[in-house]
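Colleague: Residue-level listing of the chains:
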Amino acid sequence: MRLKKILIANRGEIARRVIHAAKELGYGTVAVYSDPDADSLPVREADEAYRLPGSEVKETYLDSERILAIAKEAGVWGLHPGYGFLSENAGFAEDCANAGVKFIGPKPETMRVLGSKVASKQLAKQAKVPTVPGFEGDLPQGKDLAELAEKIGYPLLIKAAAGGGGKGMRVVHGPEELEESARSAEREALAFFKDKTIFLEKYLERPRHIEVQILGDAQGNLVHLYERECSVQRRHQKMIEETPSPSIDERFREEICAAALRIAKQAGYESAGTVEFIVDEQDKFFFLEVNTRLQVEHPVTEAVTGIDLVKAQILVAEGQALPFKQEDISQRGHAIECRLYAEDPENGFLPAEGKVGVLVEPQRPGLRIESSLESGKPILSLYDPMLAKLIAVGFNRKEALQKMDSLLRDYILLGVRHNLDFLRFTLNSQAFQAGHYHTHSVAGLLEQYFEKRGKDLPAPDLAYAVAALAGKPAPAKAEGASVSSHELAEHWRGFKNAR
Amino acid sequence: MKTEFQIGAETVATEWERKDGKFSLQLSGRKVEGEILRWDPPFFTVRHCAHLLQGAFYRHGDFVDVHLPKGNFRIRLAPSRRQTKGGPASGGLSSPMPGKVIQVFVKSGDAVKKGDLLMMLEAMKMEHKILSPKDGTVGKIAFQAGERVGQDVELLEIL
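Protein chains in written order, with my numbering: chain Z, 186 to 684; chain P, 512 to 670.
The hints are simulated quantities; they were obtained by calculation from the structure and are not laboratory data. Among the hints, erroneous ones may be present.
[Unchecked claim] The calculated label-pair distances, taken between Cβ atoms and stated as ranges, are:
1. P:Q537 x Z:E390: 19 to 25 Å
2. Z:R420 x P:G661: 20 to 26 Å
3. P:T556 x Z:N406: 24 to 30 Å
4. P:K618 x Z:E364: 20 to 26 Å
5. P:L548 x Z:H205: 37 to 43 Å
6. Z:E209 x P:L548: 41 to 47 Å
7. Z:E512 x P:G572: 57 to 63 Å
[Said to hold, decoys possible] Below, in silico cross-link-like pairs of lysine-lysine (PhoX-like), each with a Cα-Cα straight-line distance of 20 Å or less:
8. Z:K379 x P:K542
9. P:K618 x P:K640
10. Z:K287 x Z:K496
11. Z:K450 x Z:K379
12. Z:K257 x Z:K190
13. P:K542 x Z:K243
14. Z:K637 x P:K581
15. P:K640 x P:K611
16. P:K542 x P:K513
Even for Gly, the Cβ is constructed at its ideal location relative to N, Cα and C.
Hey, can you work out the whole structure from these sequences and the hints?
Modeller: In structure tokens form, the structure reads like this:
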């Protein structure tokens, strides 16, 4: 019999993660790649690779028609979307089904309901799970919008109905920002999700973000794989995740996991998903959304439960029943994940480009590193700035933190600016060590970080000695090297802070 | 040997020496010294302030990225002469990051006030507003909506 194949409609580390899981299960693997990714690791690791001409995401990894045409040409059985890109696009999942390609994820109708923040909130209410006060439905314009905003009360959060990962999200502090924020959120939502629907929600001041991993099969079996604490965020992007959450007790854990299961049951959920909650200072949790896909932070759950979520997704897609029951699943030890981002600490942590000049990824017991970095490869700002997922697992939280600290200290990536030092600073902060943090803690930590290292991050004397010993720089290029003045840099800083 | 560094807005000249497995550097009146136990680019092991330290470096253009146990640092060498010329013209606004121009809100000759929205950039996940730093008139606009820009590239000028 011919090898059954799975197409991986993604790039970078997650494409590799899925390729490896599919190969373990005996599947043939098909990669797709944009022009800048032609020589990337997943392309070489897959059994077959097909080109998506172009470099912008819209013409490559978001081009559902072309990807589906490749799926048919390659004769694949299934398609795994990874995360981001087409992973939460119900229309695409439906097109796959119509083309006879098994979409490895939830049913399209489930994705459609849960993908809409409005419909999913209604579903949560039906499942008797509390939701954040806000407005669901068609958002009015102009004066009516302002009145509605006033009724919910500032500060407000604007969210893309089809969104995720902070895309199309804006905090509005007062009426003067409302109209422009709404429009810019709509533009971003349209660009990323081809759907400009946005909605309003009360913005909690010191919230924690706790989510529950769920897994279901076609036979109707549903389990949860406990929670993940994801409150360390910047620009609405998660930075550090851990499990178990250090901020909840057993009773809370039972309640939040039960709530997640009620939502999953109400939705008839199949495959892997994540029910996200926001938790206020009084330890009340509210339903936020369901991510109908694998999450970036899935490895921490895998580490403490021993369950391979990608393989579980594939088995469920094959129509198999889950090979475990709720009582077989427990949390063992503690796992933590840090996301390595290409961003410049000396430039307000804005996205950075560069090249992988030197790369050393330490290998030690209890560490898992997922990246697709290779020496000599350029880092482009075209795609997601996440460079790698660094995961440390320990017998308890203390040990996991110690392992992570040593990993962050010894991981070497030179040639592009990144957030490793800031991750380490955050990890070792009093708030994080104590497990007392919320989603805005990072803003305060950032201030301390610059205070401690100095605004322009002065290097230790030894670094200058090494730079001198390193010898003369390569000849400078004649063009394109404009140096912005200090004054202008200050202006930029001002703009950024004002954002 | 002499090496010039760019530290903030200043150019700092240093003298350094590497001899008999030892190094020393004069930096702003401080003496930095140590022993080189291994120099195998990009990796090195040195003894410095009674500590054995392992690190790595990567030289690119005018920069040297240095990894030490205490962190990662980007050292800027003083740029070569021809490079210091031709920075952005006065009034020029340069791009704070590589990305794409998604919208231009003004045209050449428009009068603008400090804080006016001029341009919208997008990179990876976020939009970034380009606001006017002063009252003035829009001069040359270097990019149209849809075009990609690098970092520190002049976007437009306010005269």
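Colleague: If a hint holds in the structure, say so; if it does not, say that too.
Modeller: Structure-based check of each hint:
1. P:Q537 x Z:E390: 19 to 25 Å: 51 Å, violated
2. Z:R420 x P:G661: 20 to 26 Å: Because 21 Å falls inside the window, the suggested range holds.
3. P:T556 x Z:N406: 24 to 30 Å: Given range 24 to 30 Å: violated, Cβ gap about 55 Å.
4. P:K618 x Z:E364: 20 to 26 Å: Cβ of K618 of chain P to Cβ of E364 of chain Z: about 22 Å, so the range 20 to 26 Å holds.
5. P:L548 x Z:H205: 37 to 43 Å: Holds, at about 39 Å.
6. Z:E209 x P:L548: 41 to 47 Å: 43 Å, holds
7. Z:E512 x P:G572: 57 to 63 Å: 59 Å, holds
8. Z:K379 x P:K542: 59 Å, violated
9. P:K618 x P:K640: Distance ~16 Å between K618 of chain P and K640 of chain P Cα, so the pair holds.
10. Z:K287 x Z:K496: Roughly 15 Å separates the two Cα atoms, so the pair holds.
11. Z:K450 x Z:K379: 29 Å, violated
12. Z:K257 x Z:K190: 11 Å, holds
13. P:K542 x Z:K243: 54 Å, violated
14. Z:K637 x P:K581: 13 Å, holds
15. P:K640 x P:K611: Judged against 20 Å, a Cα distance of about 12 Å means the pair holds.
16. P:K542 x P:K513: Cα-Cα ~14 Å, so holds.
Consistency note: the structure conflicts with the earlier hints numbered 1, 3, 8, 11 and 13.
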